[in-house]
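*Asks:* The lines below spell out each chain.
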Amino acid sequence: MELAKENVEAVQDYSLLAGRSLSNIFAQPRYFADTLLQADSVGVGSLPIVILTGFFTGAVLALQTSSTLQQFGSLSLTGKLVSLSMVRELGPVLTGLMVAGRNATGMASELGSMKVSEQIDAMRAMGVDPTKKLVTPRVIASVVMMFFLSIISDLVGLAGGFVISYFLLGLDPSQYWTTAYQALRFGDVFMGLGKPVVFGFIIASIGCYYGMSAKGGTQGVGRATKQSMVAASVLLIVSDFFMTRLLMGFFQY
Amino acid sequence: MSSLAPPAEQPQLSASRSGECIIRFENVAIAFEHPVLEGISFQLPCGETKILLGTAGTGKTLILKLVLGLLKPDAGRITVLDEEITQMREEELFALRRNIGMVFQESALFDSLTVEENVAYRLIEETGRFTDEIRARVLEALRFVELEHTIDLFPAELSGGMRRRVAIARAIITHPEILLYDSPTGGLDPVTSNTIIELVVKQRDVYQTSSLLVTNRLQDAFTMASHYFDREQNKMLPVPDGSTRDLNTKFLILRDGKIIFDGTAAELLRSTDPYIREYLS
Chain A
1 MELAKENVEA VQDYSLLAGR SLSNIFAQPR YFADTLLQAD SVGVGSLPIV ILTGFFTGAV
61 LALQTSSTLQ QFGSLSLTGK LVSLSMVREL GPVLTGLMVA GRNATGMASE LGSMKVSEQI
121 DAMRAMGVDP TKKLVTPRVI ASVVMMFFLS IISDLVGLAG GFVISYFLLG LDPSQYWTTA
181 YQALRFGDVF MGLGKPVVFG FIIASIGCYY GMSAKGGTQG VGRATKQSMV AASVLLIVSD
241 FFMTRLLMGF FQY
Chain B
1 MSSLAPPAEQ PQLSASRSGE CIIRFENVAI AFEHPVLEGI SFQLPCGETK ILLGTAGTGK
61 TLILKLVLGL LKPDAGRITV LDEEITQMRE EELFALRRNI GMVFQESALF DSLTVEENVA
121 YRLIEETGRF TDEIRARVLE ALRFVELEHT IDLFPAELSG GMRRRVAIAR AIITHPEILL
181 YDSPTGGLDP VTSNTIIELV VKQRDVYQTS SLLVTNRLQD AFTMASHYFD REQNKMLPVP
241 DGSTRDLNTK FLILRDGKII FDGTAAELLR STDPYIREYL S
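From first to last, the protein sequence lines stand for chains A and B. No gaps in the numbering here: position 210 of the first sequence is 210 in the numbering used here, and each next residue is one more. No gaps in the numbering here: position 162 of the second sequence is 162 in the numbering used here, and each next residue is one more.
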């Protein structure tokens, strides 16, 4: 009973924080400089891992599917398969998981340290709203940067698939890129660009929530960091399923 | 030019409230896993310093957090600067908190900001940028705590005592109407503690700011009640015997969530309550 009550309270607190982080966008003061700093940290900071994971995911996708496609004499469809998989699913999800691993935990530990050393209380005591100053800039930065990071991930994933197709499978470059490009419909691109926006919001709001609710000294910060990673990853994958189902219905796949 | 309050206005502001009650607690109660404060009532008149004493866990720090509205009581009313804060929303409290300075137990300085940025934090938030006027105010506040030379350092580069002094500078830079000190000498050596208490006395006697001070060190409390700050000699001196100087400093002792004493140092020393006698010994 006590556990259920705690969980309901946690969901309520998270919802309130997430709601306020969004409503703050339309309220003064706006922390533009803090948002830029966070965008640099989330976007530029995550670029290397997003490029690496995107490239090798595209490459392994081409490698794994080539043997199956070859059995049906459809090796020329490798570009189409890599393109659809990367844009609709793997690009956004893998980017989300990478950014969650790097930034949701970073936010939880940074804000958690501020919480346990009373810096958040000090901020409130000085008349500064921590959700406006700390949470909203992180949410905006994550949403915007996830959008662009996913596009980069898609592109380098396609490049990874191309490297395998050209050098190992001996496919014609123009055939690969043409099938990859022609396979994409508006619904695929919409799905691939809509998901990262939601993922960015989940990553930042979960990271900030666990950070702002950390308690119990350094151990508490460690616990909050760990929980933020787990919760952000699980929520991301669960929301991916529901968004996919919804968008597939909407675009009549 | 800006919304920053000029330093010279503070004594006049306090004088305009002279005799008024700055903080009022009426039957305030709060419980976590067990009751911590039960039916607490007291007042802090303008210009007075009230020293909160009591054993660990009696809710002294909690009272400071209730004054700031960082926590809400389960029952009772709290009035701060003529506003009943008990029912106020967080957004409404931010404006009120700008008139209150707080020195946290562990200083709570922002560790990624320099001393200058820490002290200027509130002013930068008010104006949205760092101006020459703000820099002058930072220097003035740091001069008050005699730490001008640390302006470009980070909190991690300062000693514990220096961090407390920077926290005091950060709290007083806007010349707030109320100052709250949470164990400002906790964990410090006697010499550094004395320096901190001298600063608190200096703030009390120079600006007559209404204050609540939590401490576990009786020695500090009695030093405050028996010393004044001499502006000419720029140091804290004991009040001479027979002097009628009113230091405007009172004591409030908590025990098991209730107030068991609220009065002057002389009244405290005359108390016949066995618990208080034992506490003082």
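The hints are simulated quantities; they were obtained by calculation from the structure and are not laboratory data. Keep in mind that the hints are not guaranteed to be accurate.
Cross-link-like lysine-lysine pairs, in silico, DSSO-like; alpha carbons within 27 Å at most [unchecked claim]:
| # | chain 1 | residue 1 | chain 2 | residue 2 |
| --- | --- | --- | --- | --- |
| 1 | B | Lys235 | A | Lys215 |
| 2 | A | Lys133 | B | Lys65 |
| 3 | A | Lys5 | B | Lys65 |
| 4 | A | Lys226 | A | Lys80 |
| 5 | B | Lys235 | B | Lys65 |
| 6 | A | Lys5 | B | Lys72 |
| 7 | A | Lys226 | A | Lys215 |
| 8 | B | Lys250 | A | Lys215 |
The following label-pair restraints were derived from C-beta to C-beta distances [what the hints assert, rightly or not]:
| # | chain 1 | residue 1 | chain 2 | residue 2 | range |
| --- | --- | --- | --- | --- | --- |
| 9 | B | Asp262 | A | Arg223 | 38 to 48 Å |
| 10 | B | Ile124 | A | Gly19 | 37 to 47 Å |
| 11 | A | Ser23 | B | Asp256 | 22 to 32 Å |
| 12 | B | Cys21 | A | Glu6 | 31 to 41 Å |
| 13 | B | Arg143 | A | Gly194 | 53 to 63 Å |
| 14 | B | Ala31 | A | Tyr253 | 54 to 64 Å |
The beta-carbon is built from N, C-alpha and C at its ideal position, and this holds for glycine as well.
*Asks:* Next step is simple, just say for each hint if it's right about the structure.
*Replies:* Verification of the supplied hints:
Distance restraint check for Lys235(B) and Lys215(A): the Cα-Cα separation of roughly 41 Å exceeds the 27 Å cut-off, and the hinted pair is therefore not satisfied. A threshold of 27 Å between alpha carbons decides the hint, and for Lys133(A) with Lys65(B) the separation of about 21 Å falls inside it, so the pair holds. Under the criterion of a C-alpha separation no larger than 27 Å, the hint pairing Lys5(A) with Lys65(B) is consistent with the structure, at around 26 Å. Between Lys226(A) and Lys80(A) the alpha-carbon distance is near 38 Å, which puts this suggested pair outside the 27 Å criterion.
As the CA atoms of Lys235(B) and Lys65(B) are separated by approximately 31 Å, the hinted pair breaks the 27 Å bound. Pair hint Lys5(A) plus Lys72(B) holds up; C-alpha atoms about 20 Å apart against a cutoff of 27 Å. Between Lys226(A) and Lys215(A), the direct Cα distance comes to roughly 14 Å. Compliance with the 27 Å bound is thereby established for this hinted pair. As the CA atoms of Lys250(B) and Lys215(A) are separated by approximately 34 Å, the hinted pair breaks the 27 Å bound.
At roughly 41 Å, the beta carbons of Asp262(B) and Arg223(A) sit within the given window of 38 to 48 Å. The hinted range of 37 to 47 Å is not satisfied by Ile124(B) and Gly19(A), whose Cβ atoms lie roughly 28 Å apart. As the Cβ distance of Ser23(A) to Asp256(B) is approximately 42 Å, the hint placing it in 22 to 32 Å is violated. Checked against the hint of 31 to 41 Å, the pair Cys21(B) and Glu6(A) passes, with Cβ atoms roughly 40 Å apart.
Range check, Arg143(B) to Gly194(A): Cβ separation about 56 Å, and the 53 to 63 Å hint holds. Between Ala31(B) and Tyr253(A) the CB atoms are about 56 Å apart, so this pair conforms to the stated range of 54 to 64 Å.
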